[in-house]
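S.K.: Going down the list, the protein sequences come from chains A and B. Counting in our numbering, the first sequence runs from 1 upward without gaps. Counting in our numbering, the second sequence runs from 116 upward without gaps.
Worth flagging that the hints you see were computed from the coordinates, not collected in a lab. None of the values given here were measured: they were computed from a predicted structure. There's no promise every hint is true.
As the list claims (entries may be wrong) - If you want the ones that stay clear, here's a sample from chain B, every Cβ over 12 Å from chain A, calculated:
#: 1; residue: I133
#: 2; residue: T139
#: 3; residue: S141
#: 4; residue: E172
#: 5; residue: F176
#: 6; residue: T177
#: 7; residue: Y186
#: 8; residue: S188
#: 9; residue: Q195
#: 10; residue: P196
#: 11; residue: L224
#: 12; residue: P225
Claimed, not checked - Non-contacting residues of chain A with respect to chain B, defined by C-beta distances greater than 10 Å in every case (computed):
#: 13; residue: I12
#: 14; residue: R22
#: 15; residue: D26
#: 16; residue: R28
#: 17; residue: P61
#: 18; residue: Y64
#: 19; residue: D73
Said to hold, decoys possible - DSSO-like, lysine-lysine: derived pairs with alpha carbons at most 30 Å apart:
#: 20; chain 1: B; residue 1: K157; chain 2: B; residue 2: K171
#: 21; chain 1: B; residue 1: K157; chain 2: A; residue 2: K57
#: 22; chain 1: B; residue 1: K182; chain 2: B; residue 2: K171
#: 23; chain 1: B; residue 1: K182; chain 2: A; residue 2: K57
Backbone N, C-alpha and C define an ideal beta-carbon position, used for all residues, glycine too.
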Amino acid sequence: IAGITQAPTSQILAAGRRMTLRCTQDMRHNAMYWYRQDLGLGLRLIHYSNTAGTTGKGEVPDGYSVSRANTDDFPLTLASAVPSQTSVYFCASSDLAGGHTDTQYFGPGTRLTVL
Amino acid sequence: QKEVEQNSGPLSVPEGAIASLNCTYSDRVSQSFFWYRQYSGKSPELIMSIYSNGDKEDGRFTAQLNKASQYVSLLIRDSQPSDSATYLCAVKGSARQLTFGSGTQLTVLP
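Isolated chain A (complex conformation) (with noise of 0.2 Å):
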């Protein structure tokens, strides 16, 4: 069992380049998140979606753009990198029931550094 995976585990950018992160999960789960974490500054989300084909803007969402084509996929564009974008980033999911049960499961995370 995978859980979920992310590609590249580490990445070195320069500015001004497009890059996307990959996350793909196998747990089924509806909702998936992107988030950012930053040295004293936590987990912050980036942009999320919870179901296929919808998405929304988090906190941070401005450089960052994502599709979700379908539930196991949820790629994360950085469509002209900048250096505060370096980053470690997080994948997650969870299975959106509703309620207050939706655990958020992460991935091992992609660090980010742009030049």
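With chain A held as given, fit chain B onto it using these hints.
M.R.: Just chain B now, kept in the frame of chain A:
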């Protein structure tokens, strides 16, 4: 004011002691509360969830919730060096998304 605040660390306790981690939140309609543990360089993993006022125990871990005071805590009894990690408090509020605190780094000294 941050939506979810955790007591500033780092926190150090001797092995076998009780570690107390605290969290306050600002959204009064919050209904779901979670504690995640994150080892250095790893992803967060769920330790406890709590939804009702009072205590919830799971092994050496006890979560305490007081909605009137907008306060949730995590107690770790008989702390072990393997408990050394950053503990993240997360709250599901009116926006139905999780908001995380910045975390408290715990070190259990052998």
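S.K.: None of the hints should be skipped; say for each whether it holds.
M.R.: Structure-based check of each hint:
With a least CB separation of 24 Å from chain A, I133 (chain B) remains clear of the 12 Å interface cut-off, as annotated. Non-interface status of T139 (chain B) relative to chain A is upheld: no Cβ of that chain comes within 12 Å, the nearest being about 14 Å off. Remark: the non-interface label on S141 (chain B) is consistent with the geometry, its nearest Cβ contact in chain A lying 14 Å away (cut-off 12 Å). The Cβ of E172 (chain B) sits about 18 Å from the closest Cβ of chain A, beyond the 12 Å cut-off, so the non-interface label holds.
Under the 12 Å C-beta cut-off, the non-interface status given to F176 (chain B) relative to chain A holds; the minimum distance is some 15 Å. With 12 Å as the threshold on Cβ separation, the claim that T177 (chain B) sits away from chain A holds: the shortest Cβ distance comes to roughly 18 Å. Separation of Y186 (chain B) from chain A is adequate, the least Cβ-Cβ distance of about 18 Å exceeding the 12 Å criterion. At the 12 Å boundary, the C-beta of S188 (chain B) stays outside the reach of chain A, the nearest C-beta of that chain being 17 Å off.
The Cβ of Q195 (chain B) sits about 23 Å from the closest Cβ of chain A, beyond the 12 Å cut-off, so the non-interface label holds. The non-interface label for P196 (chain B) is consistent with chain A: the shortest C-beta to C-beta separation is roughly 23 Å, beyond 12 Å. Taking the minimum C-beta to C-beta distance to chain A, about 23 Å, the non-interface status of L224 (chain B) holds against the 12 Å cut. Separation of P225 (chain B) from chain A is adequate, the least Cβ-Cβ distance of about 26 Å exceeding the 12 Å criterion.
Listed as a non-interface residue, I12 (chain A) keeps its Cβ farther than 10 Å from every Cβ of chain B; the least gap is roughly 17 Å. The beta carbon of R22 (chain A) sits about 15 Å from the closest Cβ of chain B, which is more than 10 Å, so the claim that it is off the interface holds. With a least beta-carbon separation of about 16 Å from chain B, D26 (chain A) lies farther than 10 Å from that chain, consistent with its non-interface assignment. Every CB of chain B is more than 10 Å from the CB of R28 (chain A) (nearest about 18 Å), matching its label as outside the interface.
At roughly 12 Å, the least C-beta separation between P61 (chain A) and chain B is larger than 10 Å, which holds for a residue marked as non-interface. The claim that Y64 (chain A) is not at the interface with chain B holds, since no C-beta of that chain comes within 10 Å of its own (minimum 16 Å). Every CB of chain B lies more than 10 Å from the CB of D73 (chain A), the least distance being 18 Å, so the non-interface label holds. For the hint pairing K157 (chain B) with K171 (chain B), the CA-to-CA distance comes to about 26 Å; that is within 30 Å, so the pair holds.
Between the alpha carbons of K157 (chain B) and K57 (chain A) the distance comes to roughly 25 Å, so the proposed pair stays at or under 30 Å and holds. Restraint check for K182 (chain B) and K171 (chain B): satisfied, since their Cα atoms lie roughly 14 Å apart, inside the 30 Å limit. A hinted pair counts as satisfied when its Cα atoms are at most 30 Å apart, and K182 (chain B) with K57 (chain A) qualifies at roughly 28 Å.
Taken one by one, the earlier hints all hold for this structure without exception.
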